[in-house]
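Read top to bottom, the protein sequences are chains A and B. Residue numbers for the first sequence follow numbering that gives the first Met the number 0, so the first one is 0 and each next one is one higher. Residue numbers for the second sequence follow numbering that gives the first Met the number 0, so the first one is 0 and each next one is one higher.
Bear in mind the hints are in silico, worked out from the structure with no lab data behind them. A quick note: this is a predicted structure, and the numbers were derived from the prediction, not measured. Be aware that one or more of the hints could be misleading.
As the list claims (entries may be wrong) - Distance condition first, Cα-Cα at most 20 Å in a straight line; then the derived SDA-like pairs of lysine to any residue:
(1) A/330 / B/53
(2) A/330 / A/300
(3) A/229 / A/252
(4) A/195 / A/106
(5) B/81 / A/291
(6) A/330 / B/80
(7) B/6 / B/177
(8) A/330 / B/77
(9) A/330 / B/42
(10) A/330 / B/74
(11) A/330 / B/79
(12) A/330 / B/21
(13) A/229 / A/217
(14) A/330 / B/20
(15) A/330 / B/45
(16) B/81 / A/292
(17) B/81 / A/328
(18) A/204 / A/255
(19) B/81 / A/295
(20) B/81 / A/296
(21) A/330 / B/177
(22) B/81 / B/199
(23) A/330 / B/43
(24) A/330 / B/6
(25) A/204 / A/263
(26) A/195 / A/104
(27) A/330 / B/82
(28) A/330 / B/39
(29) A/74 / B/63
(30) A/330 / B/148
(31) A/74 / B/62
(32) A/330 / B/51
(33) A/330 / B/62
(34) A/330 / B/33
(35) A/330 / A/158
(36) A/195 / A/275
(37) A/330 / B/22
(38) B/81 / A/327
(39) A/330 / B/84
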Amino acid sequence: MATSSFYHLPQPLPLDSGQALVAAQIAYETYGELAPDKSNAVLVCHALTGDQYLASPHPITGKPGWWERMVGPGKPIDTGRHFVICANVIGSCMGSTGPASLAPDGAPYAMRFPVITIRDMVRGLVALLDGLGIAQLHAAVGGSMGGMQALSLAANWPERAARVLVIASTARHSAQNIAFHEVGRQAIMADPAWAKGDYYAADAKPDNGLAVARMAAHITYLSEAGLTEKFGRRLQDREAKGFGFDAEFQVESYLRYQGSGFTRRFDANSYLYITRAMDYFDLAEEHGGRLANAFGGSGARFCIISFDTDWLYPTAESRHVVHALNAAGAKVSFVELRAPNGHDSFLLEHDQLDRVVRGFVE
Amino acid sequence: MIHPNVKLRPDLAAIAAHVAPGSRVLDIGCGDGALMAELEAESRCDARGMELDGALVERCVSRGLSVVQGDANRDLANYPDKAFDYAILSQTLQTATRPDLILDELLRVGRRAFVSFPNFAHWRTRAALMFGGRMPVTRALPVSWYETQNIHHVTVEDFRDLARIKGAAIERAWFFSDEQQIGALAANWRAEFAVFELSR
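Kindly generate the complete structure, drawing on both the sequences and the hints.
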């Protein structure tokens with residue numbers, strides 16, 4: 000059974016920018032029972048457009064939790080044994096403080112919200128763990144941006160997690176990663192309805208811009224072979240080309256559907272802030288330019304998993320993390336799994352992934 | 000003299016029996032992790048592994064071992080000098096692109112190294128080549144020349160030479176035939192497999 004809660008941070012949350020977030024709150028879901036000695040907590044960190052609805056229905060879309068196949072009773076992350084926590088990151092829009100939240104002056108922050116980093120998100124999560132009285136997690140787990148948070152936790156709060164599982168992720172955003180995010184941000188900011196971020200009281204929201212941002216990003220989550228297999232050059236609801244600009248190809252129709260569906264559940268300004276946080280992410284830079292330094296004090300066990308068709312965070316980025324962990328003498332496992340579906344593979348059916356996650360988290 | 004655990008391959012059992020308890024160990028080409036599991040369970044070792052085959056890595060990780068999918072020809076470079084008490088290379092030397100460079104890396108990352116390999120000068124191999132006139136397919140080397148991963152066949156005497164060239168001291172050696180340990184006498188004729196413990 001899932002429990003939905005809010006944690007009100009008792010102190011202002013200090014940020015890497017030098018600012019602080021006052022009266023911040025974190026919305027989170029928990030599954031399973033916390034052991035009396037609080038030793039069985041597993042923190043699952045969500046990705047860019049994810050949320051705390053890890054294994055419970057999404058309140059807006061009504062869809063099952065985003066990792067329901069991985070988390071639950073008897074599943075690889077077993078809620079019968081572990082107390083599983085998933086919190087909405089600060090800057091997001093599903094209940095934790097973000098640009099859509101009200102600032103102390105009673106109006107939405109909008110673009111007055113401070114620029115945050117991955118480490119700021121994790122600082123918020125650590126505050127939540129403090130509030131729950133959890134000194135050390137049994138495991139910190141995350142895919143994609145969730146993996147960045149897990150790495151940041153291990154580097155900056157090395158005593159807070161005994162196991163760190165990082166799936167389809169990276170220790171730094173590459174020029175290509177930043178470039179794709181910039182396309183998305185520019186799409187949002189080019190939408191007249193964005194209105195420099197002050198659209199919360201307006202009739203129209205920058206849904207068109209946000210949808211285009213999502214469409215561009217969605218391509219990076221898939222593989223060329225996956226797209227070809229799923230859509231090829233097939234046409235949508237027509238026999239021949241129409242010599243026009245409707246969504247004639249199935250792949251166009253699919254992307255438009257993904258884009259418009261996304262605008263129902265996500266805030267455009269949150270998209271700007273969170274992509275910015277990811278672009279700023281460079282764990283080595285935070286630690287004197289040498290990634291191995293980030294893990295010098297860590298007694299945690301690490302498991303790094305990549306997918307062979309993931310071109311967003313390719314295996315080379317995972318190897319880079321593994322090499323740094325080796326150099327730091329950390330206990331690390333690494334496996335590149337074969338999967339046809341690119342970056343999104345970590346969310347999809349994959350028996351080998353399940354076995355590795357189960358074996359590592361147990 | 001050989002570790003009583005009958006589940007381990009004889010060369011691995013010899014290594015397991017001679018790794019000092021509590022050591023830090025890197026098992027290169029660790030396969031399904033049988034030796035690592037033995038060392039962790041029986042000798043309280045801190046064992047790490049490297050394995051090329053992803054399916055084997057998955058089996059290791061799902062049984063709780065710390066194994067990195069990697070290529071010994073390339074990925075050993077990231078470990079610091081003397082990061083381990085022992086670096087172990089079992090039945091992998093003959094598959095390396097440059098066995099001599101791998102040996103250097105073993106002796107760099109480990110204070111000591113164990114190396115095991117099939118001996119190409121075993122009498123069966125010699126006889127197969129001598130009388131058959133073809134690349135030997137034997138009990139110890141069961142795969143045909145065109146699909147074997149063994150691209151650098153080596154003999155006991157070749158290995159002794161390489162150790163000398165590399166300035167490595169041979170601390171101990173064990174020889175096996177028909178799954179049994181045999182003496183060192185005429186090992187280059189009699190041994191199907193050899194295990195060497197080196198230091199530098």
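These are the hints, each one checked on the structure:
no., hint, verdict
1, A/330 / B/53, "18 Å, holds"
2, A/330 / A/300, "5 Å, holds"
3, A/229 / A/252, "12 Å, holds"
4, A/195 / A/106, "15 Å, holds"
5, B/81 / A/291, "17 Å, holds"
6, A/330 / B/80, "17 Å, holds"
7, B/6 / B/177, "15 Å, holds"
8, A/330 / B/77, "14 Å, holds"
9, A/330 / B/42, "18 Å, holds"
10, A/330 / B/74, "16 Å, holds"
11, A/330 / B/79, "14 Å, holds"
12, A/330 / B/21, "15 Å, holds"
13, A/229 / A/217, "14 Å, holds"
14, A/330 / B/20, "18 Å, holds"
15, A/330 / B/45, "9 Å, holds"
16, B/81 / A/292, "18 Å, holds"
17, B/81 / A/328, "11 Å, holds"
18, A/204 / A/255, "17 Å, holds"
19, B/81 / A/295, "17 Å, holds"
20, B/81 / A/296, "19 Å, holds"
21, A/330 / B/177, "37 Å, violated"
22, B/81 / B/199, "11 Å, holds"
23, A/330 / B/43, "15 Å, holds"
24, A/330 / B/6, "26 Å, violated"
25, A/204 / A/263, "10 Å, holds"
26, A/195 / A/104, "19 Å, holds"
27, A/330 / B/82, "12 Å, holds"
28, A/330 / B/39, "13 Å, holds"
29, A/74 / B/63, "17 Å, holds"
30, A/330 / B/148, "29 Å, violated"
31, A/74 / B/62, "16 Å, holds"
32, A/330 / B/51, "18 Å, holds"
33, A/330 / B/62, "15 Å, holds"
34, A/330 / B/33, "18 Å, holds"
35, A/330 / A/158, "14 Å, holds"
36, A/195 / A/275, "16 Å, holds"
37, A/330 / B/22, "14 Å, holds"
38, B/81 / A/327, "13 Å, holds"
39, A/330 / B/84, "15 Å, holds"
Violated hints, listed in ascending order, are 21, 24 and 30; each of the other numbered hints is respected by the structure.
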